[in-house]
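K.L.:
My request is simple: use the sequences and hints to build the entire structure.
Listed in order, the protein sequences are those of chains A and X.
Sequential numbering of the first sequence, starting at 1, is according to the numbering used here.
Sequential numbering of the second sequence, starting at 1, is according to the numbering used here.
Simulated from the structure, these hints should not be mistaken for laboratory data.
Ideal Cβ placement from N, Cα and C applies to all residues, glycine included.
Hints may be right or wrong, so weigh each one.
Take a look, some chain X residues computed to stay more than 12 Å from chain A by CB distance [what the hints assert, rightly or not]:
no., residue
1, Pro71
2, Asp79
3, Asn115
4, Thr116
5, Ser117
6, Thr137
7, Leu146
8, Arg153
9, Thr157
Not everything, but these chain A residues come out facing chain X in the computed CB check (under 10 Å) [stated by the list, open to error]:
no., residue
10, Ser111
11, Ala120
12, Gly142
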Amino acid sequence: MTTTNVLNNAPLIVGTPNQVSVSLPVTAPALTLATPVTTSTQPMFAVYLSNTEASVTGDGTVHQITYDTVLVNQGSSYNNSNGQFTVPVSGNYLFTTCNITSTSDITTGYSSSFATSASATIYYATYYVGTFSSGIFKPMDGSIILPLTIGTTVTVSVTVSGQATKVASLRGSSSTIYTYWCGWLML
Amino acid sequence: MPLTNVVNNAPVVSGSTNQISVIRSGITDTVSLNTPVTTSTQPAFMAYLSATESNVSGDGTTVKVVYDTAPVNQGAYYDTTTGEFTVPVNGNYIFTASNILMNTVLVTGYNAALNTSASGVIYYTSVYAGTYPANSTRTTVGSIFLPLTAGTRVWMTITSSGNGSPVTSILGSATTVYTYFCGYLVL
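P.N.:
If you want it as structure tokens, here you go:
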């Protein structure tokens, strides 16, 4: 079906079974939606760690997190067996993450970061250097917008340093969400 | 698909189970709810600091952060020379920022805040008070939604206090993203 409706200086609407195109012959400031909008196909995921990952860093190891449990995974672009999100459509993505660590000894630095297969650039969500007591739960959180092209893989890692052994664990639970990662293709 | 008539350049939206009709300005846009959606015109930006700003606070000075490199800047509403985002369209915006601060000498407080030209209200994303020893690095991270009107300018500041001289730097790098500011007009 194609329907057009043209008045003087009015929007032009063209409809087909799966899409609606609208153009306006003069400059207007904004796109306005009068009703709530949801889609079942926009790439979007929210995943968390259902069990504590014990002794994964603390010695400077960059530990890539495999969030194993999926709350949302529209488009199935997040793989909960390897922790990778594979960009299904080029665009700007918003990511947010929070990773809770605990340590069994004094540490001197902790961070969490995003990495992509597109370049060697590391995008830090959290970056701390200092002297940090053992046992304290530290949230490593942050959000970022990244321009990504189709096929790029994205991962989240945490690094805790200051000891010769892996004294830092990542907290996870099946009933309480501590450590999670979310992302979506921005409309 | 029901079509709603359009008169006198007025915004019009109509919807059905799987479709929405929307008004777009200037050029023809296509919106489909059966495939992922992206737009090249929705205001969105991500900007980061490509070099460390050394010894800019620590003595209570409030410093505007000028994120000088912008991998995402749809509509070019973020100015990399001033650090300010100018709201192009009335609406609700999400902002997220992470500022990594380093102090070479002990400080007793630090914060990061979002500021707007609309009022004197300060929107803190992080506030810390305590004792932070020499040569430590920490993250001030946060996200917020704000309703904003066109023309309003938005920028980030950081403040570090507790020392008589500026001993706090903002961490930046051309190859690693530490300190950044993102914003987006929410649909």
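K.L.:
Look at each hint and say if it fits the structure.
P.N.:
Against the structure, the hints:
no., hint, verdict
1, Pro71, "violated, 5 Å"
2, Asp79, "holds, 17 Å"
3, Asn115, "holds, 19 Å"
4, Thr116, "holds, 19 Å"
5, Ser117, "holds, 19 Å"
6, Thr137, "violated, 4 Å"
7, Leu146, "holds, 15 Å"
8, Arg153, "holds, 17 Å"
9, Thr157, "holds, 19 Å"
10, Ser111, "holds, 8 Å"
11, Ala120, "holds, 7 Å"
12, Gly142, "holds, 5 Å"
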